[in-house]
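Peer 1: Each chain, written out:
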Amino acid sequence: MPNEISGAEILLKSLELEGVDLVFGIPGGAILQAYDSLYDSPIRHVLVRHEQGGGHMASGYAHATGRVGVTIATSGPGATNLVTPLADAYMDSIPVVAITAQVPSTSIGLDAFQETHTWGIAMPVTKHNELVTETSEIAGAVHEAFHLAKTGRPGPVLVDITKDALVGTASFTGSKKIDLPGYKPSVKGHSRQVKAAIDLIMESERPVLYAGGGTIRAEASRELTQFAELLRLPTVTTLMARGVIPDSHDLALGMPGMHGCYTASTAMQKSDLLINIGARFDDRVTGNPEFFAPHARVIHVDVDPAEIGKIRFVDVPIVGDAKAVLTQLIEIATKRLDGHEAPARSAWFDTIRSWQRDFPLTFNQEEDGPIQQQYVIEQLHKATGGDAIVVAGVGQHQMWTSQFWGFERPNTWINSGGLGTMGYAVPASIGAQAGMPNETVICIDGDGCFQMTFQELITAATENIPVKIVVMNNASLGMVRQWQKLFFNERFSATDLSYENPDIVMLAEAMGCVGLRAETPDEVIPTIEKGLAVTDRPVVMEFRCDRDAMVFPMIKAGGSNDFILMGPEDIT
Amino acid sequence: MSEHQMHHVISVTVENKPGVLARVASMFARRDFNIHSLTVGPTEDPSRSRMTVVVDGPEMEQIVKQLYKLVHTLKVSEHKPGEAVEREIMLLRVNADPKRRSEILEAANVFEAKAVDVGATTVTFEVVGEPGRLADFHEMMKTYGIASLVKSGRIALAKDSKSMTKKQKRTA
Ligand SMILES: Cc1ncc(C[n+]2csc(CCOP(=O)(O)OP(=O)(O)O)c2C)c(N)n1
Ligand SMILES: [Mg+2]
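Going line by line, the protein sequences match chains A and B.
Position one of the first sequence corresponds to residue 1 (our numbering), numbered consecutively onward.
Position one of the second sequence corresponds to residue 1001 (our numbering), numbered consecutively onward.
One chain only, chain A, in its complex shape:
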């Protein structure tokens, strides 16, 4: 037919219609046709070294930009390599669209070369997934995928397209029509519930505003801060919400939970009202839910109704988008206050201030002792003025970064919260940097995490993505080692790594990056200065850190948040 184009071209044109200008992927047999079309497309393709890297890059990109990240993989092993990044994005509600190719529709089910049941594998790790076998259905599936990924509770969506659908032809209308009759996410909250929430807040003597990742996804930073100020609400920010209210704000209490600061965890514990906006009572926050915040009534705002009541009984449930509901809450509260000040709650604030005074986050960098990671983080913050997007891996370095960085803006803290995916940081930081070329992006990784995905340094170097990577080399799987030290009689089973192998500086240089190393505290600042000065290439700064340092405060897994260990001396 004269006006028809290939499925591959339809795919790329549909991506363009969605505003996509950057994708992360790697080709293969089933997806060849799409790569042939990509050759002529204005969309930039970043060639990754492993599909897992491509998936996390899409996620880092989405985190940093607030737009949908796109990753492309071929059938079979290409698709299975995406499982981890999809699961990661699903847990953290990150809008990602994965395009995979499938064997020809006539071969499905016959164990064809590089066939896997991709949508079946994707089912538990995606918000939605579709198998497309008809060329004429590609455009619709792509537009539906984007709509699903970014609306409601965001999440990853996978579109699996058979080779024959990509090769075949159909007419392209350019229509963005979607057909999702069963999908109707709520935006505004029920006004009666909003009023009921304000009633509870006005009555409350010890309220805590509990901000979760949903406030970041909903771009509700301004509204959240305004709401906290209007009703004078002390505010905790979960691992996924760091930066949604500035850490320097008078009302900000920092991160609660397993490695949260004492004041944040304890304020929740003693609270008579938790105002949860876009958080999910994750076990890393609540400890044993049976003992969590026993005197608190609960207001829970979430765009996903299934989160409400899943873990904790809720007094006032509000289903809706965090930004929209906060706007409603502000409106009703303003009316209610009618020009008066919000309740002062001075007794509550006095108590909070005394905790802050008595139980601050601390560390001690001895001049001639081993490097402490907190010191590196503090000096990095100083050197950048805090003006950077920070991406972390999973482990001790992640917790210290969250504790000590001091986040002032949303979308400047990117990490793998729900799934805790080692290997996340290097590719996610590359994705963030690719999406935000004018920002300084600093990846703070552990030596263990780094060794899971460092091949993507090659991607960063060859694609001119000058990300700054810090490796906190403590020659160990530090977080696991910490548990072994505290709870397994120092039986360090399989947690030793090596300071020397790999030689991280040589490795960085071999991959086209600048490699730098600091071995003693006095080398920290010069190394940071040199590293930050590199702007034409990715740079890897290795810090040889204390192997025995441990993250505190700490609440034992499954324990009660009433018992916060402030240091090793608190272990009984």
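What the hints contain is simulated information worked out from the structure, not anything from laboratory work.
Just so you know, not all the hints are guaranteed correct.
Said to hold, decoys possible - Derived CB-CB ranges, DEER-like: (1) B/Arg1031 - A/Ala510: 45 to 51 Å; (2) B/Pro1042 - A/Pro502: 56 to 62 Å; (3) B/Ser1026 - A/Asp368: 56 to 62 Å; (4) A/Leu32 - B/Gln1062: 39 to 45 Å.
What the hints assert, rightly or not - With a straight-line Cα cutoff of 25 Å, these simulated PhoX-like cross-link-like pairs (lysine-lysine) come out: (5) B/Lys1017 - A/Lys184; (6) B/Lys1099 - A/Lys150; (7) B/Lys1017 - B/Lys1069; (8) B/Lys1151 - A/Lys310; (9) A/Lys177 - B/Lys1017; (10) B/Lys1017 - A/Lys176; (11) B/Lys1069 - A/Lys188; (12) B/Lys1069 - A/Lys176; (13) B/Lys1080 - A/Lys310; (14) B/Lys1065 - A/Lys188; (15) A/Lys184 - B/Lys1075; (16) A/Lys310 - B/Lys1075; (17) B/Lys1075 - A/Lys150; (18) B/Lys1142 - B/Lys1099; (19) B/Lys1075 - A/Lys177; (20) B/Lys1162 - A/Lys184; (21) A/Lys177 - B/Lys1069; (22) A/Lys150 - B/Lys1069; (23) B/Lys1065 - B/Lys1017; (24) A/Lys310 - B/Lys1065; (25) B/Lys1065 - A/Lys184; (26) A/Lys188 - B/Lys1075.
Note that the Cβ used here is the ideal one computed from N, Cα and C, for glycine as well.
Got chain A; can you put chain B with the ligands on it based on the hints?
Peer 2: Relative to the frame of chain A, chain B with the ligands by itself:
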């Protein structure tokens, strides 16, 4: 209280797309919800299928919410006792040596069970009806020895909102 009364019955209307049953079943497995029975079939509208799911009680609210999260789910309704017409089919083969055959057939008659296959030493009955009736028949036939049994899983349809039989309690 008999076993099936502790169960909740929900109707789930879904888009009639390939794999939709797998999506629902996978969600139940992933969330560790127990399914007592699940049936799926076409409806008055060829673009839709309807499932009847019988589940264990306590997690009802989460089950409904998680079902709604599946993009292909159009409507989920929970049926309170007596608010839906509920049916199951059972095929039950009972040991029936010729001496007791007439006694068995007589008993089956009370339940309107239809003999659908008669062999040398067994009789196979078909029973259609409310789940409780099937259970009672099953119970009674146990005394003769059951050779094999298969049930369809429940189907349910909400009663008309102006139903004359609405008030009538589920006898099961
Ligand atoms: C893919 C994966 N495998 C295993 C784990 C379990 N795990 C959690 S933290 C950690 C150690 C991380 O080591 P490193 O990157 O060196 O960070 P550190 O704790 O030393 O700062 C491990 C093995 C995980 N989270 N992810
Ligand atoms: Mg380490």
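Peer 1: So, for every hint listed, does it hold in this structure?
Peer 2: Hint by hint, here is what the structure shows:
1. B/Arg1031 - A/Ala510: 45 to 51 Å: Given range 45 to 51 Å: holds, Cβ gap about 46 Å.
2. B/Pro1042 - A/Pro502: 56 to 62 Å: 60 Å, holds
3. B/Ser1026 - A/Asp368: 56 to 62 Å: Taking Cβ atoms as reference, B/Ser1026 and A/Asp368 lie about 57 Å apart, which means the hint holds.
4. A/Leu32 - B/Gln1062: 39 to 45 Å: For B/Gln1062 against A/Leu32, whose Cβ atoms are near 44 Å apart, the range 39 to 45 Å holds.
5. B/Lys1017 - A/Lys184: 19 Å, holds
6. B/Lys1099 - A/Lys150: Violated, because 71 Å separates the two Cα atoms, which is more than 25 Å.
7. B/Lys1017 - B/Lys1069: Cα-Cα ~16 Å, so holds.
8. B/Lys1151 - A/Lys310: Distance ~33 Å between B/Lys1151 and A/Lys310 Cα, so the pair is violated.
9. A/Lys177 - B/Lys1017: 19 Å, holds
10. B/Lys1017 - A/Lys176: 21 Å, holds
11. B/Lys1069 - A/Lys188: 18 Å, holds
12. B/Lys1069 - A/Lys176: Distance of about 23 Å is within 25 Å: holds.
13. B/Lys1080 - A/Lys310: Holds, at roughly 22 Å.
14. B/Lys1065 - A/Lys188: It holds: about 18 Å lies between the C-alpha atoms, which stays within 25 Å.
15. A/Lys184 - B/Lys1075: 12 Å, holds
16. A/Lys310 - B/Lys1075: Since the Cα atoms of A/Lys310 and B/Lys1075 sit roughly 21 Å apart, the hinted pair holds (cutoff 25 Å).
17. B/Lys1075 - A/Lys150: Between B/Lys1075 and A/Lys150 the Cα gap is close to 23 Å, so the pair holds against 25 Å.
18. B/Lys1142 - B/Lys1099: 17 Å, holds
19. B/Lys1075 - A/Lys177: 22 Å, holds
20. B/Lys1162 - A/Lys184: Cα-Cα ~29 Å, so violated.
21. A/Lys177 - B/Lys1069: 21 Å, holds
22. A/Lys150 - B/Lys1069: This hinted pair holds, its Cα atoms lying about 15 Å apart.
23. B/Lys1065 - B/Lys1017: 21 Å, holds
24. A/Lys310 - B/Lys1065: 10 Å, holds
25. B/Lys1065 - A/Lys184: 13 Å, holds
26. A/Lys188 - B/Lys1075: Holds, at about 21 Å.
Hints 6, 8 and 20, counting from the list given before, are not met by this structure.
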